[in-house]
Every structure is written in structure tokens, then in C-alpha cells.
Amino acid sequence: MKYTEDDLKKELETKEYEYGFYTDIESDTFPVGLNEDVVRAISKKKEEPEWMTEWRLESFRYWLTMEEPEWGNVHYEKPDFQAISYYSAPNSKPKYDSLDEVDPELLDTFKRLGISMDEQKKLAGVAMDVVIDSVSVATTFKKNLEEKGIIFMSISEAIQKHPDLVKKYLGTVVPQRDNFYAALNSAVFSDGSFCYIPKGVRCPMELSTYFRINQAGTGQFERTLLIADEDSYVSYLEGCTAPSRDENQLHAAVVELIAMDGAEIKYSTVQNWYPGDKNGKGGVYNFVTKRGICEKNAKISWTQVETGSAVTWKYPSCILKGDNSIGEFYSIAVTNDYQQADTGTKMIHIGKNTRSTIISKGISAGKSQNSYRGLVRILPNADNARNFSQCDSLLMGNACGAHTFPYIESKNKTAQIEHEATTSKIGEDQIFYCNQRGINTEKAIALIVNGFGKEVLNKLPMEFAIEAQKLLEISLEGSVG
Amino acid sequence: MSFKDKLLSSYIALEDYLEFDSPLHDVRSNAIKIFEEKGFPTKKEEDWKYTSLNSLLKPDYSVFSNKEKHVELQDVRKYFLHEIDTYKLVFVDGVYSSFLSETTHDTLDVCLMSAAMNKSKYKPVIEAYFNKVAKSDSLTALNTAFTKEGAYIHIPAHKEVEKPIEIINFSTGNEAAMFLQPRNLIVVGENAHVQIIERHQSLSSNAVLTNSVTEIFAEKRAYVDYYKIQNDVETASLIDNTYISQERDTVCRVHTFSFGGNLVRNNLNYYQNGEHCDSTLKGITILKGKQHVDHNTLVHHKSPNCESHQDYKGLYGESSIGVFNGKILVDKDAQKIDAYQQNDNILIDDKATINAKPQLEIFADDVKCSHGCTIGQFDEDALFYLRSRGIGIKEARALLMYAFANTVLESVKIPELKVRINKLIANKIGVSLGFEH
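One line per chain: the protein sequences are A and B, in this order. Mapping the first sequence onto my numbering, position 82 (from 1) lands on 82, and the numbers just tick up by one. Whatever position you read off the second sequence (first residue = 1), add 481 for my numbering.
Chain A extracted, bound-state conformation (with noise of 0.2 Å):
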């Protein structure tokens, strides 16, 4: 049977998302609305320290301040601030030492999802940190993590037993009122990710955190910090997916990375919030705010697949603020049915010699808008600054839209910047080459469409790079073989 394209946009209408399943582990959630009451509330919770409590209360009276933002090429129903639940926990054990004490139904979850521990523990040597509705369930591979000194974390275990570090960085990278959703954040963030990695240390396995959206009704505002000291290195890595449900959840985290002299950090990213059903009903909005702070000879590395969330908002960035400091981005963000996506990156060239590279795919399909959202800024001490950046979109059927909204700015006569940006279909052409070749038109289309996204699929860390083929599988189903 011939196989064509528009048995592939059937094919992509039909699709259903697979990770939602809703897991039934009894949990303890706030009632709805938000006060300072309420960020009090999950302060005293979180058994935090005054400081904190404080530093909560002063975000919420910015945000009070603040607008939401209405810049962005997409379009939603805002959420309503008042009818969201700000802290869900699992509720059987807070904590756990070891795997056996887990929550039976729990590991089932982690099952489904892919992600069974026990043999990540043996095989892939990953460190992994498990986040369901905000609380952190999970951290494996602690002792071993603990000899080498690095301290791997839930963040409010953290606040807890490194107050002054924690002190001393929450808040360097994005500020409280750095935006809408980062200062929402800061007032009610219930969990998250701590990393501090020492001096002259290399991470010697890759840190990983998965999220996960169980209960109805609640919002997930998690916060990671990830301090890498002098000349050590990390790779981080992060996973997403939630139930699906008719309303639309709110998931509004903050990643703040630091990089100090030498230091290196590869942070990389799968996304896959549930993006609501195949008439656009439901979904998450995903607003997240994310950057890195690069000092001298440092670098931060961004790799993101985005396949799921029904309106994405989040442009991972990088200051490179000391001399010789790099920066770079990789992307491919996967829209289909209704899905929205105003994704991309900032480079800020402060420093000299600093260099950075964007590379952005975006591939849409169904009816889904697909953004391309970025700003490289030369400013005038960065002498001999570099910056290339390439960005292509793939649309495939001609209800959906791509778009590209790059800003370049330089202030300086030495830098050098290049950015190209091109939008494409599958060729017919390729199409008839393959087939001329004997390769019938799925396994065409899925050879074109991996790769388009070759270049970024390849800085993914192994482990991770199957996973997000696995998902591009899922989300163009019938494309990727």
C-alpha cells in the first residue's frame, strides 16, 4: 500500500499521547487559590528557614505587581491563578532510603514511563532525582555521588542542609522579579533539584531529574539549581510527561545554572507534558524560565526535545559573562493537532572571546503554530564574540505555521555573527529518491524527518537519545522508523 503523506497526518490525528495514565497514590494537596497565607503555608511545610519564608513572601508581592505577559506568538486561555492548587505531595512516605520502600503503585508509574530504576541503576549509571506534583520522591545513587563530594538533592532538602549555599545562589541567575512566571515561582515553588558539583570534580555519571504532573486540579513550580564550582563538569539531564485531563495544568519551573572558571555543564532536556487530546482540549501550559550564567572558560550546553505541553513557553539562555566562555543550544521542538510553541534561546556576549551556537528545528504538523524565539546580543567589550545560528522549520500539511523571530544585536566591530533560517517541506524529490531506492515512503519520511534533526539528536547523552527518538516516534507516529 502506498504510504503517503496524508496517511501521515491521519496517522498524527489519530495519535494518542501514551504517557497518560493517572497513578493513584493517595495525596496530600492544598486547596485552591493563592495568598501570602498560602506561600506561608507551603513554606512551613517544606519545614524551611525564615530566610526562605521571606524570600518566598517578597517574590509573591512582585508578582502581585507584575502583568502577564502577552508578547509571545501564542494564544490560550490564561490560566486562572486563583483555582490552581499550589502544593501536592505523594502521600504515603516523604522520603525514601532505598528503592523497596517506594510506594509500590509509584514504581509501577516509573515503570510505564520507561524508566524502571533498578536497571538504570545497573545499566545506565544514572543519578536520578524523581519530582510527582512537586515533591521530590527520589534520589538514587547518593552515596556514590556523596563520596566524590558532589551533593545531589531535592531542593528543599537543600534549604535544609546547605542553607548557605543555597542562600547565596537562589535567585543569581533569574532574579525573583525577573519575569511573570519566574516571580510566581519563587513565591510557591514546592520542590525541585539541587546540584552543587566541587572544585576540579567530574560528575562521573549523569545526573537526572524526571517530572511528573499526577494530580488534578494542581500546578508544578519546580526549581532547580545547579552550581557546577571551578573546572568540574556535569551533564544534567530532565524528563517530563503528566496525565491527561480535559483542563489545562499550569507547569511554571525556573532553572538556574551556574557555571564558575573552567567549568562545564551540558544540561539536556526531554519534554513531554501531556499537549492535550487531537481537538486541543486540555494540555499544559509550560512557561518555564531557564539560564545559565557562564564565567571564564566556561560552558553551557542546552539540548531540548520538546514533543508534548499544549502551549510552550521557554527560552533556555546563557549569559557569557567571563572571557572565552561558550555557550550553546540545541533544539527540536515537535508540534502537532493544537499545540503552541514559542521556543528558543539568548546568548548574551558580555566577556571577550566568548563564543555560542544555535541550532533550532522545528517541525510542525496538524493545525499547531511552531515559533522560533531568539535574541543574540554583542555588547560592546565582547571583542572577536561569535555567534552562529541556524534555525529550520519543517511543516508538514498546510494547516499549521512556522515562525521565526530572531533578534540580533552588535554593539561591537569585531564580532562576528551569522544566522540563517530556512522553512521547508519534505521534498517530493527526496521522497521519489528514497523510493527509487526501494525505501517505501514511511520509512522516507522517517529517514528525512531524522535526519532534519540529526545535529541535535546527536548531542543528546546516549541514554537520553533513544528516549527522545522514542518520543519523536510518538509524537509524528508512523514517521520515524
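Source of the hints: derived by calculation from the structure; they are not laboratory data. Each hint should be verified, as a subset may be incorrect.
In silico lysine-lysine, PhoX-like type, Cα no more than 25 Å apart, as pairs [said to hold, decoys possible]:
id, chain 1, residue 1, chain 2, residue 2
1, B, 602, B, 640
2, B, 875, A, 411
3, A, 367, B, 875
4, B, 875, B, 909
Derived list of chain B stretches under chain A, where covered just means 3 residues or more per stretch with a C-beta under 8 Å from a C-beta of chain A [to be verified]:
id, segment
5, 674-681
6, 829-841
With the Cβ distance kept under 7 Å, some of the chain A side facing chain B (calculated, not the full set) [to be verified]:
id, residue
7, 397
8, 404
9, 405
10, 413
11, 425
Every residue, glycine too, gets a C-beta built ideally from N, C-alpha and C.
Since the structure of chain A is provided, determine the placement of chain B on it from the hints.
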């Protein structure tokens, strides 16, 4: 009294002179309402993110010229393309100068907006085209409300205009600060061909702010070749709004040469309404001092099987600022589009700035759209190559600048104009090299 208030009260004064029953009256009063509501654009608006009008709005501009000043031909001859014969539409301080102009009504109409608006003979054309493609942003609306004078060019079907048409706006500086709002309407009939050269020139160092609107309508298979020469004195600023409506099988080309002026903002908008349209937008910008030039382009592909080509080159010296904001918009039904945009910039000095925002907004899947944007400096190796052959640093740089800009220059189709622009470039770079071919 702010400049906005002054304009609003001037409008009331202007209204007394206008006919109430004229169909244009409604257009005007709607337009002034839009301006009253929106005011002058500010940096908060996305389209004006990199360009502020604040400093331009400070002087106490005269909205209507009170005194007339005579201009001698010998003083301004150098601003004309005098090597060849052309039709000329010359305006001095916004008032038509019959002495300097050369108009015609013989088969084609090259005449005045004021005449066209008042004579019943032109009424159908004015009703069919006036303000039909112009956007209703506040600056265009302001111009629409004050429409008084400008060029009216109507080329009938199948007419190939035998010589270029020059539209020149002089300001004499007889007022301390002058605000000018020329309004041009150009209708090119089926299968007609025309070449037009437009220029704004201030003859003194008094402040001038021009807010110009040009509407161009290209009917089936028409060919429009338009050149904008912006080499004004440093006290003159220009906001140029050009709207081009293309029917099927038309070719419309606009070349913009921005070398002078204080602040120049070019809003160039193309709307492709029929199939097989070809749009070309090219520009060379060479700046010095504190000059600021902002190119804001839009190509709206509304029909299938069309093409667009954009090529803008910029050289920014001293503490000048360059802005390029180019947008390609492809509608859902506009399949098989080939849209291309290239923007290359060189920063010559430390304090120069370039802000570029090339955008693509695409709703159709079977298209080929791409844009490229580069910011860099001279190739040291190329410079060394030239110098090792005994060419001085200044000349070597000039040669490289010239080569850099040449992709735009080579598509100028009027040879005399090309020579003229070559001279302007050499002058701007400060060398006496002849770049003649």
C-alpha cells in the same frame, strides 16, 4: 503644546479649506481619529523597538509653509539626474514648483495630487485607489488626514514610459523647523512599464521632518522599477511609508540607497494579490556620525507561485545605528512560494550598532523560504592582499566596501543613476576612486 496637539489643532484649521461633501473627507476624519488615538509610535511597540522618535518630535515644527521661497535651478540642478531627459515633479516646502517641474498629460498622467483630488476627471481613479493599500498605523493615518500635495502618476495600460520620472521634495529652510507630509499615488496599468526615482533634499541646515506616504498599484503584468535616494543633510529626518499592491504577473522592484539624513525610517510593504508576482527589495546603507537608519520591510505573500527577493547591505561607521527588521508573511493558501531574504552588515567603528530582526511567518507548507543575516568585519586577508599590491589602506577598504555593496548596485537598471550612486558611495567612503564600469 505637544507636537501631537499641534497637529490635531492644525487639522481643524485645515478642515476649513476642505470640501465637506468630498468622499475624501470621511477618509481624512477617520485617519485623524486613528492618529489621535494612537499618537506617535513609541519604543514600547514591537515595530519601533530599536528606533525612538522622541528627539525628532521636540522642535516646534511648522505644519504649513507660510512663506514661499524661490529656488534657482542652478542651485539644485545637481540633485536632478540631469544627464538624461526625465519627467520631473518638484515640490518646494511641500508646494508644487511648476518652474522646476516637467509634467505631462499626454497619454500618461504625471501631475499633482492636489489637481487629481479636485478634478472630476480623476475622481474614479482617486476613489478606486486612494488609501486602499496603506496601513492604518498612526503615521500613515497622520499623512492621510493631511493629504494635500504630492505626486500623482497614472500610467495607462500597455504604455511603456519612455523616460524615468523623478519625484523631488526640496525643503528650503525658510521656517526654523518644517514638517512635511508628501502623499504620492502611483497607478501602473496593465502591461505598463515605469521607472521612478524619488529624492528628499533639504537646502539648509534647519530641521526638517518628512512623513511621506506612497501608494503604488501594479495592475496585471505591470513593471515598476523604483529608486529611493536618501542622501539628505544631517538635520533632515525622514519617515518613508511605501505600500505596493501587486496583481498577477507583476514585477515590482524597490532600491533604497540610504547615505544621509539624521534619522531615516523606511517602512516598505509589499502585498502580492495575484499569482506569479515578483517582488524585489534591495538596499545599501552607509552611515557615519550619529546617523540612524531603520529598514522595516514586509512582504505579504497572499497568492501562490510568487517570488520575493530581499538583499540589504549595511556599512556602519562612527557611532551610527542600523536597524533591519524584515518580515516575510506567507498565507495558508499561498503555496509554492519562493521567498528569500539576505541582510549583511559590517560594523566599521567601535561605537556603531546594528540591530537585526529578520522574521519568517509561514502558514503554507509547500514553500521555500529562507533568510540569512550576517554581521562581521572586513576580511583581513583580502585587505592584506590588496595592500601587498600597493593599494593604500583607505582605498583597499573602499574597494572591499564597494564589492560588498555591489550585489545591490548591479541590479540598478538606469546606467546614469548607477554612475551617480557610485559617486555618492565614493564620496561617502571618502575616496576619489571611480567605480565606473
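Results of checking the hints against the structure:
| no. | hint | in the structure |
| --- | --- | --- |
| 1 | 602/B - 640/B | holds, 20 Å |
| 2 | 875/B - 411/A | holds, 23 Å |
| 3 | 367/A - 875/B | violated, 56 Å |
| 4 | 875/B - 909/B | holds, 12 Å |
| 5 | 674-681 | violated (count 0) |
| 6 | 829-841 | holds (count 13) |
| 7 | 397 | holds, 6 Å |
| 8 | 404 | holds, 4 Å |
| 9 | 405 | holds, 5 Å |
| 10 | 413 | holds, 4 Å |
| 11 | 425 | holds, 5 Å |
When held up to the earlier numbered hints, the structure conflicts with 3 and 5 and fits the remainder.
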